[in-house]
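Enquirer: These are the residues of each chain, in order.
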Amino acid sequence: MSGADVKTPIVGNSKDIDRQAAAWLQRQQFWNWTGEDQAEFSAWLDQATAHRIAFVRVSDAWKRTHRLTVLRDYLHAQAVAKADLRLWPGLMKVVAALIAIAALGTGAVIYLSAPREEIIATAIGGHRVVTLHDGSTIELSTDTVVRISQTNEARTVKLDKGEAYFQVKHSATRLFTVAAGNRQLTDLGTKFVVRRDPDRLDVSVVEGRVLFDAKQNAHRQITLLNAGDELVATESAVTQLKRSPLELSNTLAWRRGVLVFKNMPLVDAIAEFNRYHSEKLIVLDSATGRLTIGGTFETGNIRAFTEVAQDVLGLRAATRGNEIVLSR
Amino acid sequence: MGMAEIPETSVEGADARASASMNAPEADAWFAREVLPLEAALMQFLQHNWRNKSDVADLRQDVYVQVYEAALRQIPDKPKQFVFATARNLLVDRVRREQIVPIEAVADLDALDVAMDEPPPDRQVAARDELRHLQAALDRLTPRCREAVVLGRIEGLSGVQIAERMGIGQATVSKHLTDGLAALANMIHGEIPQGRVKP
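As they're listed, the protein sequences go chains S and Z.
What the first sequence shows, in the numbering used here, is residues 1 to 328, in sequence order.
What the second sequence shows, in the numbering used here, is residues 1 to 199, in sequence order.
Chain S with its partners taken away, still in its complex shape (with noise of 0.2 Å):
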């Protein structure tokens, strides 16, 4: 690199650069994100190759920092000891500082926001069970957060995001229920899975029954679910459908770590196997979106996955940021 190689003069404003790249990236990671977004994105990423490195090099640091979801437990305990200083000092010292080694011990992670409201999350490609004192369980899918407060009269589990199985012991006078929104299950002796997406609903009831019951507006609407029913609500419409104990099989295969897809789009392939990755697959044309893809892969794998888009589809891979772009 000789004087003369020198194509971007000092410019004298790599912290703008840097604090623009960071703003980028978070607008990706934690808003909607859309396609005029990206049109942007891409035009500021191609402005300059300090643009470009200064995206590569936050990216990397917010890659590593996935790391720290290993700190969680650390992090919620020391949440709860403080929170528990402030309102009650003294005798609660020593209730927090039991909570926080029980916290640490099991790997159970508990937040108190409200009293007795736990907070249970788990990250992008976590999975993890959580057992109530009534032996009830709740099994967490990728990128899930819920909150559960359990009284003497009721068991409350608000779904604020993702995925989750329930595994309920069945009370007539302490009511299990799982609220998502404005929408709100109520089990009758059941096991069933619920997902919540930005946009819908998912409930697939493998034994049992549940109550379905969704106030929208003014009116409202009840619909009983029997094992193999599931349901999709969305904004507009609320649809039914019958699945087979194979399809729900399929449906829960995230709890074997694995995702099963028969003759799936590439596209929707792809947005059920990102769920499981901070890393993103993405098709850039819809020619490619179409093709179809079979299989089970193991949810934490996005090479071997990559590598059957590559050999059975014969599509090509490259690496993009955060990004693995498929193509033909």
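Quick caveat, the hints were computed from the structure, so don't treat them as lab data.
Nothing false has been slipped in among the hints.
With a straight-line cut-off of 30 Å between C-alpha atoms, the simulated DSSO-like cross-links for lysine-lysine are:
id, chain 1, residue 1, chain 2, residue 2
1, S, K242, S, K161
2, S, K191, S, K215
3, S, K215, S, K242
4, S, K158, S, K191
5, S, K191, S, K161
6, S, K161, Z, K175
7, Z, K78, S, K15
8, S, K63, S, K161
9, S, K280, S, K158
10, S, K63, Z, K175
11, Z, K175, S, K158
12, S, K280, S, K15
13, Z, K53, Z, K78
14, S, K262, S, K161
15, Z, K53, S, K63
16, S, K15, S, K63
17, S, K158, S, K169
18, S, K280, S, K262
19, Z, K80, S, K15
20, S, K280, Z, K175
21, S, K169, S, K215
22, Z, K78, S, K63
23, S, K262, S, K191
24, S, K15, Z, K175
25, S, K158, S, K215
26, S, K158, S, K242
27, S, K63, S, K280
28, Z, K53, S, K15
29, S, K161, S, K215
30, S, K242, S, K191
31, S, K63, Z, K80
32, Z, K53, Z, K175
The hints should help you fit chain Z onto chain S, whose structure is shown.
Expert: Quick look at chain Z alone, frame taken from chain S:
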């Protein structure tokens, strides 16, 4: 000063055996893998050899741009030597071209030559040390900034949910996250972790 003797072609010599060129995504991956781990050492090098400390971040950016653009044409087969040679040439070049910068701006040109024989150690740390480093970085963010990053990265909440949980506006959350990510990038790449550093 003997600056005229500094061979302009030293870097070309270093990558004479390099073969292939890269496309941009490949260059991004190469850069993250080969160059970013050198940042802490590079920052030390620049700080030691440039008087005006406020220039250092901009110098780092210029080194990166030159390294990246050169790598697009030809992959350097000794990335570490290439990065430090580029940094050294850039410093020398700035002294030479900018009349406003006094010669003393470069602390010690002879030291630069010495540094070139043995580039400083890059950031190679054990996983445990890296975790400690990350945690220390997180702890140094301002409290609101850290809270937003923790809710986003560790709790996995969306921006809208972070705003609800923290009881602040979405634009403020966006600002906290931006500040947090920018600060974390500087701490994660640019600083030597407290743990052992492999020589």
